[in-house]
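Undergrad: Between the sequences and the hints, there should be enough to build the whole structure, so can you do that?
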Amino acid sequence: MRLQFNGTAAAEGFPAVFCECKYCQKARELGGKNVRTRSSCLINEEHLIDFPPDTYMHTLYSGLRLSNVKHIIITHSHQDHFAPDDLCMVCPPFAYPKENEVVYVYGNEKVYEKFKLAECEIGRYKEYLQFVPVYLGITFKAGDAEITPLLADHGDGSEICHIYVIKLSNKYLLYGHDTGYFPEETWEALKDFKLDGVILDCTCGKLECERGHMGISTNVKVKERLMKQGSADNKTTFIVTHYSHNCDPLYEDMVKLAEGNGFTATFDGMKIEI
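Counting from 1 along the sequence shown, just add 18 to a position and that's the residue number in my numbering.
No wet-lab data here; the hints were simulated from the structure.
Hints may be right or wrong, so weigh each one.
[Claimed, not checked] Beta-carbon label-pair distances, calculated as ranges:
#, residue 1, residue 2, range
1, 145, 279, 44 to 50 angstroms
2, 104, 209, 36 to 42 angstroms
3, 206, 44, 40 to 46 angstroms
4, 122, 50, 31 to 37 angstroms
[Claimed, not checked] Straight-line Cα separation of at most 27 angstroms, DSS-like style, residue types lysine-lysine; simulated pairs:
#, residue 1, residue 2
5, 209, 189
6, 44, 88
7, 209, 253
8, 209, 239
9, 274, 44
10, 224, 246
11, 144, 159
12, 144, 189
13, 132, 144
14, 185, 239
15, 159, 189
16, 159, 224
17, 289, 274
For every residue, glycine included, the Cβ atom is placed at its ideal position computed from N, Cα and C.
TA: Okay, here's the thing in structure tokens:
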């Protein structure tokens, strides 16, 4: 299973759009891997997790080829994870795809409501774009992938936010953000899986955080419990991503923090195979 991290920041990006904190100023000065766009992940070229407002930037600088993407899986409706306006660009005269294939977008009810807001433009493009509702605990097919939505600890309760277990290429990946420490029903569901890769929310970095998002100390607790209950082992690849400017996400600092706790830190455009 091939992963490409198109973006690795939390909602504000890094450096954050309006911010002059010491971390954002340093990121502007250093550039390179210290600059982070809003988070999304490409899997095996055809499956894209989340569609943030920086997706066009990802096509320019992270090597994302949207013409190859057939399945877009959305975790939740927050703006940094689902900015649907550019989906209107999927067909002529805005794009001339290699083949007239449908692009499928998967998500919860709130994601669908947001998807429909763009329908005034998308409406006549339904032959190119189709929404597929997904439901908690019910495995669905997305091309060659089998995907199971699990409950995230995130948001204000107005929507059911998802994390996903993705089976593809005979490997199992847990895509675990946005979320805090998992709800008990999610822990129970994870007992049915042996994970080859785990991607966790590290929004808070070195800061303490268990609800809504996680920091590295909570990441460690999640890793230990996954291993204790048999959902992961020493062969499982553990990755942290989705960093906020509040937690000093400068690349070298994040690498030291992550590697010191048994995780791989991400940067925009990073590729890894599990």
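Undergrad: Work down the list of hints and note, for each, if the structure agrees.
TA: Against the structure, the hints:
Residue 145 and residue 279 have their C-beta atoms about 48 angstroms apart, which keeps the hinted 44 to 50 angstroms range intact. For the hinted restraint 36 to 42 angstroms between residue 104 and residue 209, the CB-CB distance of approximately 38 angstroms keeps it satisfied. As the Cβ distance of residue 206 to residue 44 is approximately 42 angstroms, the hint placing it in 40 to 46 angstroms holds. Separated by about 35 angstroms at the C-beta atoms, residue 122 and residue 50 satisfy the suggested range of 31 to 37 angstroms.
For the suggested pair residue 209 and residue 189, the alpha carbons sit about 16 angstroms apart, so the restraint of at most 27 angstroms is met. At most 27 angstroms may separate the alpha-carbon atoms for a hinted pair to count; residue 44 and residue 88 exceed this at roughly 38 angstroms. As the CA atoms of residue 209 and residue 253 are separated by approximately 17 angstroms, the hinted pair is consistent with the 27 angstroms bound. A threshold of 27 angstroms between alpha carbons decides the hint, and for residue 209 with residue 239 the separation of about 16 angstroms falls inside it, so the pair holds.
Restraint check: the Cα-Cα separation between residue 274 and residue 44 comes to about 17 angstroms, which is no more than 27 angstroms; the hinted pair holds. Between residue 224 and residue 246 the alpha-carbon distance is near 24 angstroms, which keeps this suggested pair within the 27 angstroms criterion. Among the hinted pairs, residue 144 with residue 159 is consistent with the structure: their alpha-carbon atoms are about 20 angstroms apart, no more than 27 angstroms. The suggested pairing of residue 144 with residue 189 is violated, with an alpha-carbon distance near 32 angstroms, which exceeds 27 angstroms.
Taken as a hint, the residue 132 and residue 144 pair is honoured in the structure, with Cα atoms around 16 angstroms apart against an allowance of 27 angstroms. Of the supplied pair hints, the one linking residue 185 and residue 239 holds, its CA atoms being roughly 24 angstroms apart against a limit of 27 angstroms. Proximity of residue 159 to residue 189 is assessed by CA-CA distance (about 15 angstroms); at most 27 angstroms being required, the pair is judged to hold. The suggested pairing of residue 159 with residue 224 is violated, with an alpha-carbon distance near 37 angstroms, which exceeds 27 angstroms.
Proposed proximity of residue 289 and residue 274 is supported: the alpha carbons are some 19 angstroms apart, at most 27 angstroms.
In the structure shown, a violation is registered for the earlier hints numbered 6, 12, 16, in ascending order.
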